[in-house]
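Number of protein chains: 2
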Amino acid sequence: MDKAIILTGGLLETIHAKTAHGLLRSSERFDLVAIVDHISAGKDAGEVLDGKKRGIPIYKTVKELVEKEKETPIRYAIIGVAAKGGMVPDGIRSELEDVLNAGISIINGLHQGIGDIPELANLAAARGLELIDFRRPKKFEDLRFWTGRIKDVKCPKIPVLGTDCALGKRTTARLLTQAMRQAGFKAEMIYTGQTGWLQGGQYGFFFDATPNDFISGELEGAILDCWEHKKPDIMFIEGQSGLRNPSGPCGSEFILSGDASAIILQHNPKREKFKDLKQYPDFVPAPEDEIKLIKMYGADTIALCINTLDMDFEVAGKYRDQYEKALGIPAIIPMAEGVERLVPLLADFIKNYQPQ
Amino acid sequence: MDKAIILTGGLLETIHAKTAHGLLRSSERFDLVAIVDHISAGKDAGEVLDGKKRGIPIYKTVKELVEKEKETPIRYAIIGVAAKGGMVPDGIRSELEDVLNAGISIINGLHQGIGDIPELANLAAARGLELIDFRRPKKFEDLRFWTGRIKDVKCPKIPVLGTDCALGKRTTARLLTQAMRQAGFKAEMIYTGQTGWLQGGQYGFFFDATPNDFISGELEGAILDCWEHKKPDIMFIEGQSGLRNPSGPCGSEFILSGDASAIILQHNPKREKFKDLKQYPDFVPAPEDEIKLIKMYGADTIALCINTLDMDFEVAGKYRDQYEKALGIPAIIPMAEGVERLVPLLADFIKNYQPQ
Numbered sequence: 005m006d007k008a009i010i011l012t013g014g015l016l017e018t019i020h021a022k023t024a025h026g027l028l029r030s031s032e033r034f035d036l037v038a039i040v041d042h043i044s045a046g047k048d049a050g051e052v053l054d055g056k057k058r059g060i061p062i063y064k065t066v067k068e069l070v071e072k073e074k075e076t077p078i079r080y081a082i083i084g085v086a087a088k089g090g091m092v093p094d095g096i097r098s099e100l101e102d103v104l105n106a107g108i109s110i111i112n113g114l115h116q117g118i119g120d121i122p123e124l125a126n127l128a129a130a131r132g133l134e135l136i137d138f139r140r141p142k143k144f145e146d147l148r149f150w151t152g153r154i155k156d157v158k159c160p161k162i163p164v165l166g167t168d169c170a171l172g173k174r175t176t177a178r179l180l181t182q183a184m185r186q187a188g189f190k191a192e193m194i195y196t197g198q199t200g201w202l203q204g205g206q207y208g209f210f211f212d213a214t215p216n217d218f219i220s221g222e223l224e225g226a227i228l229d230c231w232e233h234k235k236p237d238i239m240f241i242e243g244q245s246g247l248r249n250p251s252g253p254c255g256s257e258f259i260l261s262g263d264a265s266a267i268i269l270q271h272n273p274k275r276e277k278f279k280d281l282k283q284y285p286d287f288v289p290a291p292e293d294e295i296k297l298i299k300m301y302g303a304d305t306i307a308l309c310i311n312t313l314d315m316d317f318e319v320a321g322k323y324r325d326q327y328e329k330a331l332g333i334p335a336i337i338p339m340a341e342g343v344e345r346l347v348p349l350l351a352d353f354i355k356n357y358q359p360q
Numbered sequence: 005m006d007k008a009i010i011l012t013g014g015l016l017e018t019i020h021a022k023t024a025h026g027l028l029r030s031s032e033r034f035d036l037v038a039i040v041d042h043i044s045a046g047k048d049a050g051e052v053l054d055g056k057k058r059g060i061p062i063y064k065t066v067k068e069l070v071e072k073e074k075e076t077p078i079r080y081a082i083i084g085v086a087a088k089g090g091m092v093p094d095g096i097r098s099e100l101e102d103v104l105n106a107g108i109s110i111i112n113g114l115h116q117g118i119g120d121i122p123e124l125a126n127l128a129a130a131r132g133l134e135l136i137d138f139r140r141p142k143k144f145e146d147l148r149f150w151t152g153r154i155k156d157v158k159c160p161k162i163p164v165l166g167t168d169c170a171l172g173k174r175t176t177a178r179l180l181t182q183a184m185r186q187a188g189f190k191a192e193m194i195y196t197g198q199t200g201w202l203q204g205g206q207y208g209f210f211f212d213a214t215p216n217d218f219i220s221g222e223l224e225g226a227i228l229d230c231w232e233h234k235k236p237d238i239m240f241i242e243g244q245s246g247l248r249n250p251s252g253p254c255g256s257e258f259i260l261s262g263d264a265s266a267i268i269l270q271h272n273p274k275r276e277k278f279k280d281l282k283q284y285p286d287f288v289p290a291p292e293d294e295i296k297l298i299k300m301y302g303a304d305t306i307a308l309c310i311n312t313l314d315m316d317f318e319v320a321g322k323y324r325d326q327y328e329k330a331l332g333i334p335a336i337i338p339m340a341e342g343v344e345r346l347v348p349l350l351a352d353f354i355k356n357y358q359p360q
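Order-wise, the sequence lines are chains A and B.
Going by my numbering, the residue at position 333 of the first sequence is 337; the numbering climbs one at a time, nothing skipped.
Going by my numbering, the residue at position 113 of the second sequence is 117; the numbering climbs one at a time, nothing skipped.
Hints are computed from structural coordinates only; laboratory data are not their basis.
Copies of the same chain look alike in the list, so a pair counts if it works inside one copy or between any two.
Okay, derived cross-link-like pairs now, DMTMM-like style, lysine to aspartate or glutamate, Cα gap no bigger than 25 Å in a straight line: (1) K299 <-> D286; (2) K155 <-> E276; (3) K279 <-> D156; (4) K142 <-> D120; (5) K155 <-> D280; (6) K322 <-> D54; (7) K299 <-> E276; (8) K64 <-> E75; (9) K88 <-> D229; (10) K235 <-> D146; (11) K277 <-> D156; (12) K74 <-> D6; (13) K235 <-> D304; (14) K88 <-> D146; (15) K299 <-> D237; (16) K296 <-> D286; (17) K143 <-> D120; (18) K279 <-> E145; (19) K299 <-> D352.
With these hints in hand, go ahead and build the complete structure from the sequences.
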């Protein structure tokens, strides 16, 4: 694996660094060396994430990192934020020349292409380095339309959807994939965002950079590729946004075009308003209401996963018990308890699954 | 207005030529001279469309057209189909050199860019002609994110949604705009597809060519632009696809991101399976069920419009009466009866509208 550092530009302790957080939790594509973040410098990255040390230092600047890690052959610097607006944040932009001057290539999954910034393009070319804008929209010739061949897939396909964005849908999908593998099943995950690819995902696409006409076909194509190559017992699909988030509602594609066998729903009981939309009148729907909406698209919701941002585990546990009773489906807190409690349910689901 | 011809490659009498059909119904951007379609050649284009002559001849080939219309200064040839797959159909592709050799520029709204076809690009360059691929995705810098400023718009915004695609949503939105104008209201239409732009639409965007992350922002932006420049009494928004069409479900964006004040729903009672998906198990939902789904997104459906493909008007009239009784909202057949019956309802809606 190539050695890589992550740039978070002072945002590491915020929800905007969810790309970096995902990579700290799981990285099968890169060997993480360090993080550059001027606010959290001096700490261990794992401590910042969840209180558990991971031996990944945080440096104030790229210059400091290069000085301290001069024996380490670092190949890539990954831009580790998903900033609103899709632009490279200033705190990261100001470090990028130093990255290239240190002989390190850059990987960027933001909408703004760094290959389009002339100073960086020239510097990278002069030094023979790469500027990888991996979320660039594909060319028309490389995009797939939906065909209905999704029905050829003979294993359960379970999207993890959410009542809002940034609730841990990808992490839950990854934990479920790992837990099912540990229980002896062939499980695969379909990524749909930049972090899933950075973490090493083999099957998936970039939902939000895909022209709308091709969303359903690219989703179907990723699922078909996975089925044809791996013949898994079960697939978990990373959902995007929230079904009723007005800034970009999303969910029906996963249920209908992805031919979902069932849904796992992610929710934060404390989040009354949608992320970054405190002033907007719409409220985050209650899980029971979201489950009804999902049912109207033809899918049953088989478990609720509770996100615990702004909440301690004791409070989350009370919500868990309330929801489980009210909804009649298992409710779990993935980040506190893991997802193993869902394994027998999913094992039964596989056993009783009949493709239609 | 520039004089233009339309190329339909033998598809004029099929649903695939809905772009040409739309232009024949209404063209405020181009002055239509003729159509080239080897199957329907010799007829009048209006006769083929709806039995009403429009004085627009159909020629077999571009060569024949050029011979017969040599006195007419034709500036553009418009590719008038919305073929599945987004590729230029062979029957049109084979005419394009003749178009350029006749000194006519080409306008194309298919996903496949004709500017990418070297023979055409070279020929156009040599002759100083234009190849306009107007549905090319915008550059990132030109795309807008959703902001919530949609709440600044103080008039009713009414999307025309459908239980499937190709049911006449755009035509209904256009007819409603015209009818409200005739009744003395300032009405505007927001286009979301290629035909709407070709017809002369001023405010809108190309839904299916827009990267998913920007759909909600481009929709909001088009509505805001229209509001700021025109301050209309009411806006009608062209919907896309169908809410539960598995090949590309669509609708929640219009309701939530477009902050819909109410919905007008388009439906064909005879269409049991989704367009081009006869073999796929999913059925087109019944209007009463679709209205429930729309309500879950927060909008009331205030009228049903019946599409009459594969149906005579007598049969359609029976459906109209049944639906009107069962649903408790007006049901109309726009292509047979016009949309004037909805004008008093919409006038009341404007009168009682309170922005939230």
